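Under my numbering, think of the first position of the sequence shown as 16, with each following residue one higher.
Mixed in with the good hints there might be a few duds.
Stated by the list, open to error - Pairs of lysine-lysine, DSBU-like flavour, derived with a Cα cap of 30 Å:
| id | residue 1 | residue 2 |
| --- | --- | --- |
| 1 | K360 | K393 |
| 2 | K329 | K393 |
| 3 | K281 | K360 |
| 4 | K54 | K217 |
| 5 | K364 | K393 |
| 6 | K281 | K245 |
Unchecked claim - Computed Cβ-Cβ distance ranges for the label pairs, DEER-style:
| id | residue 1 | residue 2 | range |
| --- | --- | --- | --- |
| 7 | R115 | G278 | 54 to 64 Å |
| 8 | K217 | R242 | 52 to 62 Å |
| 9 | L194 | R115 | 26 to 36 Å |
| 10 | K281 | G343 | 53 to 63 Å |
| 11 | D386 | R115 | 35 to 45 Å |
| 12 | K245 | R206 | 20 to 30 Å |
Read the hints as simulated data drawn from the structure, not as lab findings.
All values derive from a computational prediction rather than experimental measurement.
Think of the CB as a built atom: it goes at the ideal place given N, C-alpha and C, for glycine as much as any other residue.
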Amino acid sequence: MWRSKSRSRPLLTAVGVLACLCFCGADANAGRTLDRSLKQELDLARRAVEIERGLESLRNESASLRFSESVVRDRAMESVRKIQAYSTSRAIGERRTTERTRAMYKLARGGIPRLIVESRLETDAHGESGTVQRVQRAQALQRLITSDMRVLERHRRSEARARAELVAASREMATASSLQMIREIQDSILRASMDSLAPELKRARRRRVMALSSVAEVTPWERRLLRQVKREYRALKIGYGLDMLDVGSLARPASGKIVGRYGESKDRLLDLPIYRDGVEIRATGRRPSAVAAASGVVVAVGELSGFEEVVVLKHPGGFLTLTGHLRGVVVEEGQQLRRGELLGKVAAKQVKDGLGRTVYFELRHGERPIDPSRFLRKF
16 MWRSKSRSRP LLTAVGVLAC LCFCGADANA GRTLDRSLKQ ELDLARRAVE
66 IERGLESLRN ESASLRFSES VVRDRAMESV RKIQAYSTSR AIGERRTTER
116 TRAMYKLARG GIPRLIVESR LETDAHGESG TVQRVQRAQA LQRLITSDMR
166 VLERHRRSEA RARAELVAAS REMATASSLQ MIREIQDSIL RASMDSLAPE
216 LKRARRRRVM ALSSVAEVTP WERRLLRQVK REYRALKIGY GLDMLDVGSL
266 ARPASGKIVG RYGESKDRLL DLPIYRDGVE IRATGRRPSA VAAASGVVVA
316 VGELSGFEEV VVLKHPGGFL TLTGHLRGVV VEEGQQLRRG ELLGKVAAKQ
366 VKDGLGRTVY FELRHGERPI DPSRFLRKF
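Using the sequences and the hints, build the whole thing.
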């Protein structure tokens, strides 16, 4: 018995080692499978986020184009109204001038020079005559006709300008329409790409879940990959697309709460309806200052009635920000700024509005104003 037991020990040990090797090999294979599935899913998630960024960018551009198109359409309608008004006024003026010219010709029986000669001959022979009165009336008509011609010339020039404005507006509308059509084509292409990518992303997610369930322990490298995948999914879920419009991506120009909301509101002092294209942020502290909300290039610095000194920054993606109610601005046009860099001090308002000392902040894409509230970092 003892000898048989001694012989069985090496056999059991060999079986244990073999089982351990098989288990380790299976775990290593599962680990490689998990790595591969995580990398594939991360790649697909990043591609999906890039497509969503492109779609959001197109949505912003389309909305801005529609806004610009409406502005240009209003300009075109105003030009048409001007053309009609000038044309009607010119037609009335031309008829009046024609009538006055005929009256002067009849009164003068051939023109002012002949009338003057007749007047002098009759005055020399018989003293005052009715011809003098005719001369005076004819001269008055001539002055009226000269004034009418000046007015008609002004109307012609104004009508020509209005027609040129209408042509320019029509060209801008045609350009905007063409760009909108291109954006729609690009949007359909990106949506088709997203539709084809969604099933692959779903399959990759399932493979990752299966691979995780078969792994005994997740390595630090795999945990890092998993965190990256989750970050990409969060970005995809938010779906704002551009870094400028991610939640909390804009620094607050002043460290305070929003006390004047974007859009329609009511003036606290006058109790009248007002409309803001931006927000008013209360500036706290004894000598508050204002900073750049996002990185960009300074494109304008100056004074704006009701907003004291203002700074306009241009950002990637066609975005613009305007920061107002400033004094002692320390930046200049063409300067590259990073988010959080100093713009200047916050000015006291010349006209009190019941909101206290505030910084006015406006966000635009092209000409279209956007409510910046949800993109500002929390206070």
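Evaluated hints:
1. K360 x K393: holds, 21 Å
2. K329 x K393: With a Cα-Cα distance of about 23 Å, the restraint between K329 and K393 holds, given a limit of 30 Å.
3. K281 x K360: holds, 27 Å
4. K54 x K217: The hint holds at about 14 Å.
5. K364 x K393: Distance of about 25 Å is within 30 Å: holds.
6. K281 x K245: violated, 43 Å
7. R115 x G278: 54 to 64 Å: holds, 55 Å
8. K217 x R242: 52 to 62 Å: violated, 20 Å
9. L194 x R115: 26 to 36 Å: At 52 Å between Cβs, range violated.
10. K281 x G343: 53 to 63 Å: Hint violated: Cβ distance 32 Å, outside 53 to 63 Å.
11. D386 x R115: 35 to 45 Å: Distance hint for D386, R115 is violated at roughly 59 Å.
12. K245 x R206: 20 to 30 Å: For K245 and R206 the Cβ distance comes to about 25 Å; the hint holds.
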